[in-house]
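Make the full structure from the sequences, and use the hints.
These protein sequence lines are chains U and F, in that order.
Those letters in the first sequence? Residues 1 to 113, by our numbering.
Those letters in the second sequence? Residues 1 to 113, by our numbering.
Below, simulated DSSO-like cross-link-like pairs (lysine-lysine); rule was C-alpha separation at most 30 Å, straight line: (1) U:100 to U:49; (2) F:40 to U:112; (3) U:100 to F:41; (4) F:40 to U:49; (5) U:58 to F:40; (6) U:58 to F:41; (7) F:36 to U:58; (8) U:108 to F:40; (9) U:49 to F:41; (10) U:100 to F:36; (11) U:112 to F:41; (12) U:100 to F:19; (13) U:100 to F:22; (14) U:68 to U:100; (15) F:22 to U:49; (16) U:100 to F:40; (17) F:41 to U:68; (18) U:108 to F:41; (19) U:108 to F:36.
Simulated restraints, written as ranges between beta carbons of each label pair: (20) U:66 to F:14: 46 to 54 Å; (21) F:61 to U:1: 23 to 31 Å; (22) F:53 to U:77: 36 to 44 Å; (23) F:65 to U:112: 43 to 51 Å.
By construction, these hints were calculated from the structure, which means they are not laboratory data.
For every residue, glycine included, the Cβ atom is placed at its ideal position computed from N, Cα and C.
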Amino acid sequence: AQSVTQLGSHVSVSEGALVLLRCNYSSSVPPYLFWYVQYPNQGLQLLLKYTSAATLVKGINGFEAEFKKSETSFHLTKPSAHMRDAAEYFCAVSGVNFNKFYFGSGTKLNVKP
Amino acid sequence: ETGVTQTPRHLVMGMTNKKSLKCEQHLGHNAMYWYKQSAKKPLELMFVYSLEERVENNSVPSRFSPECPNSSHLFLHLHTLQPEDSALYLCASSEGGRNSPLHFGNGTRLTVT
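Written out as structure tokens, the structure is:
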């Protein structure tokens, strides 16, 4: 069965600090994994995706994520947070059926000055 | 225009009204989706169209009626809605493979009074 769990509905960091947003997945087939960001009053925007080519995936805005099969994890990181990173972040795994994607509940990132 | 465009951005309707949400994608994608995003709930998949054929209907009440006249346009017709239907309705498109990410519009914020 496909599912995603995001630990921590709210994460708060100081500007310049490391950002770590956690995502664990369950998949009955080799997974394709995605991170999306949603700014207020906007839709979701793709940050990065894992499609089995490389375990460390670099995305936009300085974010990256590492696929760890043994831990069934795909955590999102950024070395230094900016105020503009304040948003909600969603992890997703594709389904067995190409039409379905399974989203986590989201993590709201707050960046303190 | 590029990307996925949704209109209107905001909609207020009474419980007896009939209205429609419109989505247009300029990406040449084969699949289009309707998602519902409510506060404190995971993203809910409502409908999926692939090559203009509905391939997913996620137990959505009949007061929501989708229409996909061609691969670039998607509508969601609304009638006799309930206050609990108030939410952000997101349209998305994709190329249609398991490793193809979703491209989202900015959504329609629907309020049912």
